[in-house]
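**Q** Sequence:
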Amino acid sequence: MSSLRVRNNGALLVHTQSPIDDLIGGGLPTGVISHIYGEAATGKTTLAMQAAGNLSREGYQTLYIDGDNRFSLKRFSQLFTNEDSLERITLIVPKSLDEQTEIISVLDAYVSSRTRLIVVDTIASQYRRELSPDTQFSRYREVVEKQLPEMLGLCRRRRNIAVLILNQVVTSMDGEEGENIPSAGMGLNKFSQVTLRFSTTPVKSVRKAEIINHYLGIRGEVFYQITSEGISPVRSDLLKALKEVGSRAP
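Mind the numbering: the sequence shown is residues 1 to 250 in my numbering, read in order.
Simulated from the structure, these hints should not be mistaken for lab results. The model shown is predicted, which means the values in this text are computed figures rather than measured ones. Some hints could be false.
Said to hold, decoys possible - With a straight-line Cα cutoff of 25 Å, these simulated DMTMM-like cross-link-like pairs (lysine to aspartate or glutamate) come out:
#1 K243 <-> E39
#2 K240 <-> E58
#3 K208 <-> D22
#4 K208 <-> D66
#5 K190 <-> E58
#6 K204 <-> E229
#7 K190 <-> D66
#8 K204 <-> E150
#9 K74 <-> E58
#10 K74 <-> D98
#11 K240 <-> E210
Claimed, not checked - Derived Cβ-Cβ restraints for the label pairs, each shown as a range:
#12 I92 <-> N189: 21 to 31 Å
#13 R157 <-> P233: 31 to 41 Å
#14 K74 <-> G220: 17 to 27 Å
#15 V245 <-> G59: 39 to 49 Å
#16 N160 <-> E83: 19 to 29 Å
#17 K190 <-> V245: 30 to 40 Å
#18 N189 <-> L86: 28 to 38 Å
#19 S72 <-> I218: 27 to 37 Å
#20 L152 <-> D237: 42 to 52 Å
#21 K190 <-> V6: 27 to 37 Å
#22 F223 <-> K74: 24 to 34 Å
#23 V245 <-> T81: 30 to 40 Å
#24 R157 <-> G246: 38 to 48 Å
All C-beta atoms in this analysis are idealised placements derived from N, C-alpha and C, irrespective of residue type, glycine included.
The whole structure should be built from the sequences, with the hints applied where relevant.
**A** Take a look at the structure:
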């Protein structure tokens, strides 16, 4: 299957070859920012690798800004056995928040006519690592005010590039029960045309992706597994187990 699709309205979609594609209307849309946040081990980086590898196999390039140093060559080789797939992925590992901000300010210097995807994994990792909780919010505003407008500007100039921002979660203590929200709050959603939340489920090997917002008004959720082949459909026996757990819930 091709790594790129064309929607009926002419929009170009980056295909990840995972259940997430059907959930969001065919794939990651180009010309806009997609934001995925979630707990650890829910497959955020795996999904980004799948999208990048699929593009690479067809001669397209990906710029991967790896703020968490999570891009595992071993994991990538599980997903794509062809070494050529890695050659078209430009991997940049910023050492500080300032360096990440500088890289994003000159994105045009890193992309080519064959670039179809930019990944930031994760957008908030540097300031969480460098700053105390008391100063994180003010520097987060700097991240939002500098980095995201730069990426939005690139989207407007280069309508054939998809931007995928990955994000961690923190627990909000508002209300009676804590809730997992994007790291540094919900502000990133204002800049994102597509926002997904990845989460765990009561069945250990099953994860859930839920649309928080979509610029086309799409709504829904999908369950998936993380296997040696990547983000995959859930086996029928695990779906049955998930339904049984749900039926026992109060």
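**Q** Hints first: check each against the structure and report whether it holds.
**A** Okay, the hints, checked on the actual structure:
Proposed proximity of K243 and E39 is supported: the alpha carbons are some 22 Å apart, at most 25 Å. In summary, the hint linking K240 to E58 is not supported, as the alpha carbons are separated by about 37 Å, beyond the 25 Å threshold. Distance check on the hinted pair: K208 and D22 sit about 14 Å apart at the alpha-carbon level, within 25 Å; holds. Taking the CA atoms of K208 and D66, the gap is about 24 Å. The hint holds against a cut of 25 Å.
The straight-line distance between the Cα atoms of K190 and E58 is roughly 33 Å, outside the 25 Å bound, and the hint therefore fails. Straight-line distance between C-alpha atoms of K204 and E229 comes to about 18 Å, which keeps the hinted pair within the 25 Å bound. Of the pairs offered as hints, the one joining K190 and D66 holds, with about 23 Å between alpha carbons and a cut-off of 25 Å not exceeded. Between K204 and E150, the direct Cα distance comes to roughly 39 Å. Violation of the 25 Å bound is thereby established for this hinted pair.
Restraint check: the Cα-Cα separation between K74 and E58 comes to about 21 Å, which is no more than 25 Å; the hinted pair holds. Under the criterion of a C-alpha separation no larger than 25 Å, the hint pairing K74 with D98 is inconsistent with the structure, at around 29 Å. Distance check on the hinted pair: K240 and E210 sit about 19 Å apart at the alpha-carbon level, within 25 Å; holds. At roughly 25 Å, the beta carbons of I92 and N189 sit within the given window of 21 to 31 Å.
Checking the proposed 31 to 41 Å range against R157 and P233 shows it holds: the Cβ atoms sit about 36 Å from each other. Hint check: K74 to G220, Cβ distance near 33 Å, so the stated range 17 to 27 Å is violated. The beta-carbon spacing between V245 and G59, approximately 44 Å, falls within the hinted interval of 39 to 49 Å. Range check, N160 to E83: about 26 Å between beta-carbon atoms, so the 19 to 29 Å window is met.
Range check, K190 to V245: Cβ separation about 35 Å, and the 30 to 40 Å hint holds. Between N189 and L86 the CB atoms are about 32 Å apart, so this pair conforms to the stated range of 28 to 38 Å. Distance hint check for S72 and I218: the Cβ-Cβ separation is about 31 Å, which falls inside the suggested range of 27 to 37 Å. Between L152 and D237 the CB atoms are about 44 Å apart, so this pair conforms to the stated range of 42 to 52 Å.
For K190 and V6, the hinted distance range of 27 to 37 Å is satisfied, since their beta carbons lie about 28 Å from each other. In this structure the hint that F223 and K74 lie 24 to 34 Å apart at CB holds, the actual value being about 26 Å. Under the hint 30 to 40 Å, the C-beta atoms of V245 and T81, about 36 Å apart, fit the expected range. In this structure, R157 and G246 meet the distance hint of 38 to 48 Å, their C-beta atoms being roughly 46 Å apart.
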